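Visitor: So the chains spell out like this:
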Amino acid sequence: MQITKEHIKMLDIIIKISIDNASRAFSKAIKHGALIELARTELVDVSEITEEMNNDFREMAGAMLQLNGALKGKLLFMIPFDGALVLQDYYMCSPQGTSTEFNEYTEATVQEIGNILASSIGNSLASDFGSTVLPTPPQIICDFAGTIFSSLILEEGMIQDKILLIEAKFKIYHSEIDSYFFLLLDIDTMEELLSKLEQSTRGT
Amino acid sequence: MRLIVDENIVTVGVGDLKVAKSPKTIKTSLGSCIGVVLYDNINKIGGMLHLMLPKRNDREGKLSKYADTGIPLLIDLMVKQANANKKLLTAKIFGGAKMFNINSELFDIGKANAIETKKILEKMNISIIAAKTGGTKGSQISIDTNTGIVRCRIFGGQAEEY
Amino acid sequence: MKKVLIVDDASVVRLLIKKILKQSDDFTIIGEATNGKDALIKYKELRPDVVTMDMIMPEADGIQATKDILAFDEDAKVVIISSIDQKEMLIQAINAGASSYIVKPFESDRVISTLNEVLNN
Chain A
17 MQITKEHIKM LDIIIKISID NASRAFSKAI KHGALIELAR TELVDVSEIT
67 EEMNNDFREM AGAMLQLNGA LKGKLLFMIP FDGALVLQDY YMCSPQGTST
117 EFNEYTEATV QEIGNILASS IGNSLASDFG STVLPTPPQI ICDFAGTIFS
167 SLILEEGMIQ DKILLIEAKF KIYHSEIDSY FFLLLDIDTM EELLSKLEQS
217 TRGT
Chain B
70 MRLIVDENIV TVGVGDLKVA KSPKTIKTSL GSCIGVVLYD NINKIGGMLH
120 LMLPKRNDRE GKLSKYADTG IPLLIDLMVK QANANKKLLT AKIFGGAKMF
170 NINSELFDIG KANAIETKKI LEKMNISIIA AKTGGTKGSQ ISIDTNTGIV
220 RCRIFGGQAE EY
Chain C
244 MKKVLIVDDA SVVRLLIKKI LKQSDDFTII GEATNGKDAL IKYKELRPDV
294 VTMDMIMPEA DGIQATKDIL AFDEDAKVVI ISSIDQKEML IQAINAGASS
344 YIVKPFESDR VISTLNEVLN N
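Residue numbers (our numbering), protein chains in the order written: chain A, 17 to 220; chain B, 70 to 231; chain C, 244 to 364.
Quick caveat, the hints were computed from the structure, so don't treat them as lab data. All values derive from a computational prediction rather than experimental measurement. A couple of the hints might just be wrong.
Under the rule of at most 25 Å between Cα atoms (straight-line distance), these lysine-lysine pairs were calculated in the BS3-like manner [said to hold, decoys possible]:
no., chain 1, residue 1, chain 2, residue 2
1, B, Lys156, B, Lys206
2, C, Lys310, C, Lys330
3, C, Lys330, A, Lys88
4, B, Lys124, B, Lys93
5, C, Lys330, A, Lys32
6, C, Lys261, A, Lys47
7, A, Lys178, A, Lys47
8, B, Lys180, B, Lys201
9, C, Lys261, A, Lys44
10, A, Lys32, A, Lys44
11, B, Lys131, A, Lys21
12, C, Lys330, A, Lys212
13, A, Lys178, B, Lys131
14, A, Lys178, B, Lys156
15, C, Lys280, C, Lys245
16, A, Lys44, C, Lys262
17, A, Lys44, C, Lys245
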């Protein structure tokens, strides 16, 4: 199936709604505003998108997991180390500045936020399609931003030069902390999804 | 992501390659991929290939993704487009780490990439004068085309010069 | 004081639930587990009054752990605390014998009130 601009547009609308829900869940988890600065669905060139990522030399903590069920995909939530400490304090309702050293609790915070975001997306998509979409337990990776991102897209990038990437950036209110969210949908399940969407739009 | 806008810095993406002359710096971040850095020290021309897989076989992907097609392509570009002297080219290789794979597959693509890279460079008669491959963490490399020195920083460690 | 066993693979979630329960004089935390398999072992060892159970965990998930605990002790009270909010999973939780279900991210009051409700039934 050829993925057309129309397909991407349809997917973008559905995904934006689920990212909206995810940002609400994120805000609720940290009891603090998490605003969506960017949310897009795009067919990107693997080399170009990773060139952009490789420009960022920051050290990051990433929670990577899979979505399984009616929709399959891979998901990454990534935040710079100093941002993870801010997140940890918000999550634990501790005064900002309490967490000063990146430790297992900081990793676990990133893991849990990744889980909440993934579940929120899964809940949204499951509701849209009347089926089940479940995340796997997140794995934590601490490494350079470009390296973590490459791990996400590597398998798809080996097969294709272009990938359909969903990207969102969250800014934590009243801070300089940006965090990044990426979703890579499995091509086969995405084709099924797009067919269902096409059928339902033809039916209306 | 945070974009560093500097005309003298050239960044290489996954499965891509770049060639630049002094005074530019070429850089990339590596995981299981191998970064092949070639340098002509007289003409001060550098090239960097960020390869993902050892062999192209029947695949249709772009040549720079693979060691067996990407390395000859890099040499070709350096010689034909940048006028590098092939006989002067030396190689330094980095990356090839055993990274976390969400599918938990046990094959070590980093190791396979390193083996094929060395094989191809040998076949092309280019000496490897420095190598820092393996491990389980990512690395950031950059070549200063003015000196040919490559700075490599493995995650969790200090930058070292090669 | 009612004895609580907290089950979640994320240490920070266990820490947060502990922090919330410490605010109330009704509860004492007697143990923690990081996966469904460990949850059953700890349940048998510690015999809590109530278990808070995550759903998505490595080794054995919360649904399986709930079934196993209820098979061991039909009076066990398990409250699922999960970020999954999907009809099929809610049905599975009920069928597994869960006493209640809290969706993450949760409010502190909700955790305390739900545990009290479950224990008073």
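Visitor: If a hint holds in the structure, say so; if it doesn't, say that too.
Guide: Taking the hints in turn, this is what the structure says about them:
1. B:Lys156 / B:Lys206: 34 Å, violated
2. C:Lys310 / C:Lys330: 18 Å, holds
3. C:Lys330 / A:Lys88: 18 Å, holds
4. B:Lys124 / B:Lys93: 30 Å, violated
5. C:Lys330 / A:Lys32: With Cα atoms ~22 Å apart, lysine 330 (chain C) and lysine 32 (chain A) stay inside 25 Å; holds.
6. C:Lys261 / A:Lys47: Cα-Cα ~18 Å, so holds.
7. A:Lys178 / A:Lys47: Outside the cut-off at roughly 38 Å; violated.
8. B:Lys180 / B:Lys201: Measuring from Cα to Cα gives roughly 12 Å; hence the hint holds.
9. C:Lys261 / A:Lys44: 19 Å, holds
10. A:Lys32 / A:Lys44: It holds: about 18 Å lies between the C-alpha atoms, which stays within 25 Å.
11. B:Lys131 / A:Lys21: 23 Å, holds
12. C:Lys330 / A:Lys212: Distance ~20 Å between lysine 330 (chain C) and lysine 212 (chain A) Cα, so the pair holds.
13. A:Lys178 / B:Lys131: 11 Å, holds
14. A:Lys178 / B:Lys156: 36 Å, violated
15. C:Lys280 / C:Lys245: Distance ~23 Å between lysine 280 (chain C) and lysine 245 (chain C) Cα, so the pair holds.
16. A:Lys44 / C:Lys262: 17 Å, holds
17. A:Lys44 / C:Lys245: Distance of about 28 Å is beyond 25 Å: violated.
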